[in-house]
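A.B. asks: Please take these sequences and the hints and turn them into a complete structure.
Line by line, the protein sequences give chains A and B. Under the working numbering, think of the first position of the first sequence as 1, with each following residue one higher. Under the working numbering, think of the first position of the second sequence as 1, with each following residue one higher.
Where hints are given, some of them may not hold.
With a straight-line Cα cutoff of 20 Å, these simulated SDA-like cross-link-like pairs (lysine to any residue) come out [what the hints assert, rightly or not]:
#	chain 1	residue 1	chain 2	residue 2
1	B	K230	B	M133
2	B	K86	A	K156
3	A	K37	B	R127
4	A	K97	B	K230
5	A	K75	A	G86
6	A	K67	B	A216
7	A	K156	A	E132
8	A	K126	A	E52
9	B	K86	A	G79
These aren't lab readings, by the way, just hints derived from the structure by calculation.
Here is how the chains run, residue by residue.
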Amino acid sequence: MFMRNLSILALSFAFVTAAYALEAPHLGRPATPDDIKAYELDAMPDGRFLPEGHGTAKEGEAIFVEKCQSCHGEKGVKGIALALVGGQGTIGKNEIKPLRTVGSYWPYAPSIFSYIRRAMPYYESKSLSTDEIYALTAYLLALNKLIGEQDEMNAKTLGQVKMPWRDHFRPFKRGD
Amino acid sequence: MAKKLLHPIDSAEYSAENGLLDRRLFLRGSALLGSMMGYGVAQEVAAEPLVVQPWMQHPGPFPRPYDAPSRFESEVIRRGEPSSNKIPELGTVRTPIHQLTGTMTPNGLHYVRVHTGVPDIDPAQHRLLIHGMVKRPLVFDVESLSRYPIESRIHFLECGGNSELIYDEHPAQVGVQRLHGQVSCAEWGGVPLSILMDEAGVDPRGKWIIAEGADACGLTRSIPMEKIMKDAMIALYQNGERLRPSNGYPMRLFLPGYEGNMNIKHVRRIKVIDSPHQSRDETMRYSMMRTGGISTQFNCVMEAKSVITQPAPELKMKGPGLYQISGLAWSGYGHVRRVDISADGGKTWAQADLQQPVRDLALTRFRLPWHWDGRPALLQSRVTDNTGYVQPTRADMIARRGIWANYHGNCITTWAIDANGEVKHVYA
Numbered sequence: 001m002f003m004r005n006l007s008i009l010a011l012s013f014a015f016v017t018a019a020y021a022l023e024a025p026h027l028g029r030p031a032t033p034d035d036i037k038a039y040e041l042d043a044m045p046d047g048r049f050l051p052e053g054h055g056t057a058k059e060g061e062a063i064f065v066e067k068c069q070s071c072h073g074e075k076g077v078k079g080i081a082l083a084l085v086g087g088q089g090t091i092g093k094n095e096i097k098p099l100r101t102v103g104s105y106w107p108y109a110p111s112i113f114s115y116i117r118r119a120m121p122y123y124e125s126k127s128l129s130t131d132e133i134y135a136l137t138a139y140l141l142a143l144n145k146l147i148g149e150q151d152e153m154n155a156k157t158l159g160q161v162k163m164p165w166r167d168h169f170r171p172f173k174r175g176d
Numbered sequence: 001m002a003k004k005l006l007h008p009i010d011s012a013e014y015s016a017e018n019g020l021l022d023r024r025l026f027l028r029g030s031a032l033l034g035s036m037m038g039y040g041v042a043q044e045v046a047a048e049p050l051v052v053q054p055w056m057q058h059p060g061p062f063p064r065p066y067d068a069p070s071r072f073e074s075e076v077i078r079r080g081e082p083s084s085n086k087i088p089e090l091g092t093v094r095t096p097i098h099q100l101t102g103t104m105t106p107n108g109l110h111y112v113r114v115h116t117g118v119p120d121i122d123p124a125q126h127r128l129l130i131h132g133m134v135k136r137p138l139v140f141d142v143e144s145l146s147r148y149p150i151e152s153r154i155h156f157l158e159c160g161g162n163s164e165l166i167y168d169e170h171p172a173q174v175g176v177q178r179l180h181g182q183v184s185c186a187e188w189g190g191v192p193l194s195i196l197m198d199e200a201g202v203d204p205r206g207k208w209i210i211a212e213g214a215d216a217c218g219l220t221r222s223i224p225m226e227k228i229m230k231d232a233m234i235a236l237y238q239n240g241e242r243l244r245p246s247n248g249y250p251m252r253l254f255l256p257g258y259e260g261n262m263n264i265k266h267v268r269r270i271k272v273i274d275s276p277h278q279s280r281d282e283t284m285r286y287s288m289m290r291t292g293g294i295s296t297q298f299n300c301v302m303e304a305k306s307v308i309t310q311p312a313p314e315l316k317m318k319g320p321g322l323y324q325i326s327g328l329a330w331s332g333y334g335h336v337r338r339v340d341i342s343a344d345g346g347k348t349w350a351q352a353d354l355q356q357p358v359r360d361l362a363l364t365r366f367r368l369p370w371h372w373d374g375r376p377a378l379l380q381s382r383v384t385d386n387t388g389y390v391q392p393t394r395a396d397m398i399a400r401r402g403i404w405a406n407y408h409g410n411c412i413t414t415w416a417i418d419a420n421g422e423v424k425h426v427y428a
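C.D. replies: Set out below in structure tokens:
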């Protein structure tokens, strides 16, 4: 009797599960390519999904002075917001306070592009053109001496920039 | 010690040095309970005759449409500060865990970390886009999500940066709210994200997602698909009502047991990808800079941790006598198995009573009666979770991570109590 009840229970559970799957609400509307274009702001660390466009450090400097310097300071060294330049050699030592910047710590250059694109300038984010973002990214990389003044950053070159601290990152494991 | 007792206590009722009593004393309804002391800063009120007060004679106003605490509780508030006084939109407010009891955090007191302030989002204009490596990219709004089957679950939420001061070289002279107040617990109600992901049809190569918020910084984190399909939720409700704006209105990603920052507030986009995005907040921030030149990232799960909330530096002891030590414990890997308390800096331990039920991935309240004889004492709590993990000492944690790791500080905290009843944060 008990087993019979159990199998009836199991059967009804299976039925309910099947019926539920059939009746999944499906209330989302299909997203159009324009929807995705309006919201998608990220690029992968190897440069995939970077948009078409380009910029150099020289072009970036003027934009930086106009839109970034008031918070990040002259040449990104010292301001009311985080420093963007310097700090190399300060990470990973107990006796030195570490300074995390684009040059000393960020492991992937396309992440800088994505971050500026969705979050900066702080009081008017998502307002820069693609070329302006490439130029600003190039300027920050050049200030940190990771690329040359004339090097053009674009969807192909940005993912190839070698960032000094990249090989020092690994995933956390329990007990670390 | 016995000669200093104000009340006779059978020596068998002590369970560790320095006056820690048996946790079952409360349950037995001991006569000792009649002499329990409260913590506080106020002086004891002298015996006064009972009088009829005005509120006993005159009716009060009609109840407010949405109630608020008594005006006499105006000091029970979130406290915090902008990270820079020049950028008031960036900062943290912390839960007054020393002023609460039980396990649930009222919505107005839930801790909040914001990077670009609290957005004022019109729910009618909010959209959630699911795209990337899926068969059918989909757009949801609040109204459509509200028609899905809703689940409610009680879970803690803790900022990855909670307790960051515990890494400081010298013990920070702050209260428990400042030190450990970026943890809260609520009943979160929403739609299991796996239902929406199944409707979108995830490509088997899609091992991660990017989740992005609709706030001005578009906060973005990568999350393993395994977690998304296991127990992730698009939360719409917090303790029965719609989310508060500072906690993600009108919808947030909720990842039980995971670092607060990954529980993206105001979530507007989920993109299925094959490997992590390496966003600013999982590289530049929320990674641990460890001594020896390694940085660990994707510190997803909040490790087991406990903290004594009463007494605490904000709460002075009011003379020798009987007290209840109380605090919070939790584990992002499961649930609390036991909490032990020491009053002698970790030499001897007594097992605390756990408030039932003890839930997975939720705050657990522990309590233990204590006879304080008025002499200096070093109070500690130590949690063991159901995986057998034991909360480490600070020395152990620092030896593994160094002093600049900043995040996920989960070591044992020590409160030093001096002969005047002042409570101070120390390293021991």
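A.B. asks: Now tell me, hint by hint, if it's right for this structure.
C.D. replies: So, going through the hints one by one against the coordinates:
{"no.": "1", "hint": "B:K230 with B:M133", "result": "holds, 19 Å"}
{"no.": "2", "hint": "B:K86 with A:K156", "result": "violated, 37 Å"}
{"no.": "3", "hint": "A:K37 with B:R127", "result": "holds, 14 Å"}
{"no.": "4", "hint": "A:K97 with B:K230", "result": "violated, 39 Å"}
{"no.": "5", "hint": "A:K75 with A:G86", "result": "holds, 10 Å"}
{"no.": "6", "hint": "A:K67 with B:A216", "result": "holds, 16 Å"}
{"no.": "7", "hint": "A:K156 with A:E132", "result": "holds, 16 Å"}
{"no.": "8", "hint": "A:K126 with A:E52", "result": "holds, 17 Å"}
{"no.": "9", "hint": "B:K86 with A:G79", "result": "holds, 10 Å"}
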